[in-house]
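Sequences listed follow chains A and B, in order. Under this note's numbering, the first residue of the first sequence carries the number 1, and numbering increases by one thereafter. Under this note's numbering, the first residue of the second sequence carries the number 298, and numbering increases by one thereafter.
Keep in mind that the hints were calculated from the coordinates and are not lab data. Accuracy of the hints is not assured; some may be wrong.
[What the hints assert, rightly or not] Dumping the calculated BS3-like pairs for lysine-lysine here, alpha-carbon to alpha-carbon at most 25 Å:
#1 B:Lys403 <-> A:Lys204
#2 A:Lys22 <-> B:Lys478
#3 A:Lys204 <-> A:Lys178
#4 B:Lys422 <-> A:Lys22
#5 B:Lys422 <-> A:Lys185
#6 A:Lys204 <-> B:Lys410
[Stated by the list, open to error] Here are the computed distance ranges between Cβ atoms for each label pair:
#7 A:Ala109 <-> B:Gln386: 35 to 45 Å
#8 A:Tyr4 <-> B:His376: 32 to 42 Å
#9 B:Ser549 <-> A:Leu35: 51 to 61 Å
#10 B:Ser476 <-> A:Trp121: 38 to 48 Å
#11 A:Met52 <-> B:Ser476: 49 to 59 Å
#12 B:Gly362 <-> A:Tyr33: 24 to 34 Å
[To be verified] Sample of chain A residues lacking proximity to chain B, with all beta carbon distances greater than 12 Å (derived):
#13 Asp56
#14 Thr166
#15 Gln252
Predicted, not measured: the structure shown is a model, and the values here were computed from it. Backbone N, C-alpha and C fix where the C-beta goes; we use that ideal spot for every residue, glycine too.
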Amino acid sequence: MKKYIQTTVDVVDYSSLPLVQKYALADLLYVAYGLLIVMLVLVSYFAGMFDMLPHDPQQINMDLLMSPPGTDGHLLGTDFMGRDILSRLIVGIQAYFLPGMLAISIALAGGVILGVPAGYWGGRIATCITYISNLVDSFPRMVLILLVIAAFKPDIYYIMIVMGITGVPAVATAISNKIYFLSQKNFIEAARALGLRRRVIIFKHILWYNCRALLIIQATLGMGEAILLETSLSYLGFGVQEPVPSWGNMVQSGANYFLQGNFWPSTAPALAILFTILGFNLLGDGLNNILEDRRGK
Amino acid sequence: MNSSPLLRIENLRTFFYSQRKHAFVRAVDGVTLDVGRSETVGLVGESGSGKSITAMSVMGLLRGGPGVIGGRIEFESAHGRQNLLEKLQAFVEVHEQNGRVMSVSKDEKGWRKASERIMRNYRGKEISMIFQNPRTSLNPYMTVGGQIAESIRLHTANRSESEARERALYWLERVKIDSPKLRYKTYPAVMSGGMCQRAMIAMALSAEPSMLIADEPTTGLDATIQSKIVDLLEELKSETHISTLLISHDISVISRLSDRVAIMYGGAVVEFGPARQVLDPHEEARHPYTAALIDSVPSQQKIRDKSNLQAIEGDVLDTINVPAGCRFYDRCNRVKDGIRERCATQHPPLQEISSGHHMRCWLFAKG
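Turn these sequences into a full structure, and let the hints steer you where they fit.
Structure below.
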């Protein structure tokens with residue numbers, strides 16, 4: 001049962017009252033969990049960069065093949081070549097982190113550059129973007145990526161550039177729809193009547209205040225998607241190649257031994273994938289709800 | 298009336314083009330009026346008579362072509378008197394035939410650029426504007442105070458954040474918003490329409506402009522809130538002596554606030570004069586349209602007598618097929634036989650029939 005209590009009867013200046021809890025608990029938890037994951041990813045990323053790993057990820061140890069978690073200082077055990085799984089997991093972050101960032105940057109930058117004029121001025125640019133978007137949507141992304149891999153080489157950066165470019169129309173459409181929706185309301189006109197410069201209106205009022213939630217959602221969803229794409233391609237053998245570790249090829253190589261009872265070499269990266277993608281998605285969701293919250297109690 | 302009015306609009310023409318009908322929509326065609334210093338001029342007319350388009354033309358906020366194609370908009374500021382349309386006239390070429398605009402060629406890009414350059418010095422700083430639908434006129438994701446402070450920092454000497462905040466709070470108090478400190482931090486979504494309009498007024502006035510254009514400021518608010526907003530405008534008017542161009546279709550609002558009134562019909566001003574004279578139901582010299590407009594407003598007297606309201610016969614003028622004669626001819630109930638010919642074929646000019654009272658009607662035409 002929810003209880004409402006009146007405590008401020010004679011207060012004249014309400015601004016002196018303490019702020020009531022403003023955001024939903026679930027959203028705060030989402031963001032907390034998401035930030036935890038992002039922090040973990042970042043710390044691990046830099047730990048991997050500066051060789052602060054428990055073991056050498058490439059060190060083959062013939063005495064400890066498939067040793068279960070906990071043996072001999074190997075926290076998550078070793079794989080079929082006796083390599084430390086935890087270290088390989090940490091280094092595996094490098095396989096998607098920067099490439100994923102690249103994909104997101106391309107998608108967001110392209111989306112803003114195309115979406116803002118399309119939404120603000122409409123007309124031919126808007127038509128163009130709709131056509132491009134339909135074109136990209138009708139062409140399976142995976143096929144395009146495989147084409148690029150076939151034409152050049154199986155490199156994660158090529159894959160992510162393709163992913164970024166194919167992500168542009170979706171972001172552009174979202175932004176131009178948002179701006180079109182905003183232009184129905186006349187606060188943009190009111191801001192112009194007030195003498196604000198056009199770039200202030202576009203960058204501050206439209207992009208920053210009204211589109212930031214949308215951009216953050218796109219960025220975090222994009223990161224989740226990038227991880228998924230990288231791991232699935234690496235699993236299939238088109239992404240990061242052995243012996244360079246990536247979560248995808250770790251799952252793949254571990255999967256061969258799964259039914260023999262050695263579940264950890266594939267389960268550890270699989271769980272890492274699950275919780276990381278969940279973290280990014282929840283972070284986006286929570287941030288979106290918090291930024292969209294304009295109840296301002 | 299005033300020898301040097303603050304704003305003077307002369308024969309303004311703003312057209313749009315209908316792609317489907319291949320014809321010009323003569324949204325504003327011959328608006329002439331002036332607003333003196335610390336004076337409120339009411340602009341009245343039915344929907345579609347071009348009131349808002351006139352305001353938007355002054356602010357240079359119109360979208361869609363060809364837009365403003367002729368006339369003068371003079372505005373007096375600290376830098377002297379400037380015709381806002383003077384430098385823009387070079388970008389537009391109008392071809393007329395028998396007094397009818399047949400084609401317009403306009404360098405819209407050049408016009409827009411030049412217009413932006415000129416209007417940059419006027420918007421907000423000299424002329425502010427408040428709109429109807431106050432709830433959508435504020436940025437939904439920015440705090441109310443933040444928006445007012447932004448305008449203050451842009452236009453006044455209060456550049457620092459704390460000064461602007463102080464000023465914004467002062468203005469919020471001035472427009473009588475309850476608990477201004479709380480409202481400073483809230484978002485428009487939690488405020489009622491009346492409060493949003495108050496915030497809009499605070500925002501418009503906080504830049505300390507010399508002129509305010511209020512485009513239907515009370516439309517969309519309910520009756521009690523309307524009268525409170527009108528009270529507020531009345532009070533601010535007497536305190537700040539700001540010149541106001543008040544646009545409304547609500548004659549009661551206009552009559553409470555205006556010193557002078559311009560009546561618009563079919564894109565043109567048909568009568569312009571002192572409010573008392575124009576809106577007085579017993580005044581003899583009145584444009585037939587003004588008379589019909591006033592008869593269609595419920596008054597205490599009419600309610601007591603249970604007399605029927607007079608509806609104006611016919612529809613608002615089709616601004617595409619504008620008749621050659623008087624635009625009100627089809628709906629006019631005062632056409633006399635002697636002038637019928639002229640009413641049907643010749644567009645009456647806006648003439649001064651008595652001191653400060655202008656009329657566009659053959660009934661009162663001299664000569």
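Evaluated hints:
Proposed proximity of lysine 403 (chain B) and lysine 204 (chain A) is contradicted: the alpha carbons are some 32 Å apart, above 25 Å. At roughly 18 Å between alpha-carbon atoms, lysine 22 (chain A) and lysine 478 (chain B) fall within 25 Å of each other, so this suggested pair holds. Restraint check for lysine 204 (chain A) and lysine 178 (chain A): satisfied, since their Cα atoms lie roughly 15 Å apart, inside the 25 Å limit. Of the supplied pair hints, the one linking lysine 422 (chain B) and lysine 22 (chain A) is violated, its CA atoms being roughly 37 Å apart against a limit of 25 Å.
With a C-alpha separation of about 23 Å, the suggested pairing of lysine 422 (chain B) with lysine 185 (chain A) holds against the 25 Å cut-off. With a CA separation close to 22 Å, the supplied pair lysine 204 (chain A) and lysine 410 (chain B) stays within the 25 Å bound. Under the hint 35 to 45 Å, the C-beta atoms of alanine 109 (chain A) and glutamine 386 (chain B), about 41 Å apart, fit the expected range. Under the hint 32 to 42 Å, the C-beta atoms of tyrosine 4 (chain A) and histidine 376 (chain B), about 58 Å apart, miss the expected range.
At about 57 Å, the CB distance of serine 549 (chain B) to leucine 35 (chain A) agrees with the hint of 51 to 61 Å. Between serine 476 (chain B) and tryptophan 121 (chain A) the CB atoms are about 41 Å apart, so this pair conforms to the stated range of 38 to 48 Å. At roughly 54 Å, the beta-carbon separation of methionine 52 (chain A) and serine 476 (chain B) lies within the given 49 to 59 Å, and the hint holds. Taking 24 to 34 Å as the suggested C-beta distance range, the pair glycine 362 (chain B) and tyrosine 33 (chain A) does not conform, at roughly 53 Å.
Against chain B, the non-interface label of aspartate 56 (chain A) holds: every CB pair exceeds 12 Å, the least being about 50 Å. Consistency note on threonine 166 (chain A): stated as away from chain B, and its beta-carbon is indeed over 12 Å from all of that chain's, at 29 Å minimum. Remark: the non-interface label on glutamine 252 (chain A) is consistent with the geometry, its nearest Cβ contact in chain B lying 45 Å away (cut-off 12 Å).
Going down the numbered hints, you'll see the structure goes against 1, 4, 8, 12, while the others check out.
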